[in-house]
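Student: Below are the chains, spelled out letter by letter.
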Amino acid sequence: MSLIKITDQPINTDELTKSLIHPEFGGVDIFIGNIRKFTDEIETEKIEYTTYKQMAEKEMQKLADQVLAKGMDVVMVHRVGELELADIAVFIGVAAPHRAEAFENCQFLIDQLKKTVPIWKKEYDRDKIRWGGLGE
Amino acid sequence: MKVKLFSILAEEIGSTIDLSLNDGFYAKDVKDSIKKAYPDFSDILDQSLVAINEEYANDEAFKLADVTEIAIIPPVSGG
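From first to last, the protein sequence lines stand for chains A and B. For the first sequence, the tail end lands on 119 under this note's numbering, and the numbers increase by one without skipping. For the second sequence, the tail end lands on 1217 under this note's numbering, and the numbers increase by one without skipping.
None of these hints come from the bench; they were simulated from the model. Some hints could be false.
[To be verified] Pulled a few chain B residues facing chain A out of the computed Cβ check, cut under 7 Å:
no.: 1; residue: N1160
no.: 2; residue: G1162
no.: 3; residue: Y1164
no.: 4; residue: I1211
no.: 5; residue: G1217
Even for Gly, the Cβ is constructed at its ideal location relative to N, Cα and C.
Build out the structure end to end from the sequences listed, making use of the hints.
Tutor: Written out as structure tokens, the structure reads:
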């Protein structure tokens, strides 16, 4: 059963991982994105994520549908709100019959999510606030 | 017509803005009218997309009667 959602609650990676284990799939690939402290010399203190929720879930579903259509299972969960260092922001999991498809489609989903899903980060760095996607 | 704003635009301008749009408007018209009112945000608006009824708009014209929701989507940065 695929699961696609935006949540303001902490992401339970154990539960989501377990939901991807089925006898028909021999491989599960998982991408977890968490809040990083350093980007070169820039030190991040926290990140606030906001979203256009209804549209974001629709866009995530469109991406997931492309992978589901190939007979795999998909979990995509993105957290929004204020996240501290090391907090998990995103969980992408793909279960497939074989590992190559799992790797490839998991990468596809996170790469596309970063391009098309309306979620924004406001990064509180030690020197100033930076808005994701807008450069300096 | 109310237009939803997000990210830096919501923080600087507000979460919605009221615009008067003509029947058969284009996505570009939405951005242009906001630019007129808020020229300081022209650069961000140039980088933004427009969503009509929760779908990214392309170059098509929209009838007001078909539109329930308009939003400006600044460059996304999830993940």
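Student: For this structure, which hints from the list above don't hold up?
Tutor: Of the numbered hints given earlier, those the structure breaks are 1, 2, 3, listed in rising order.
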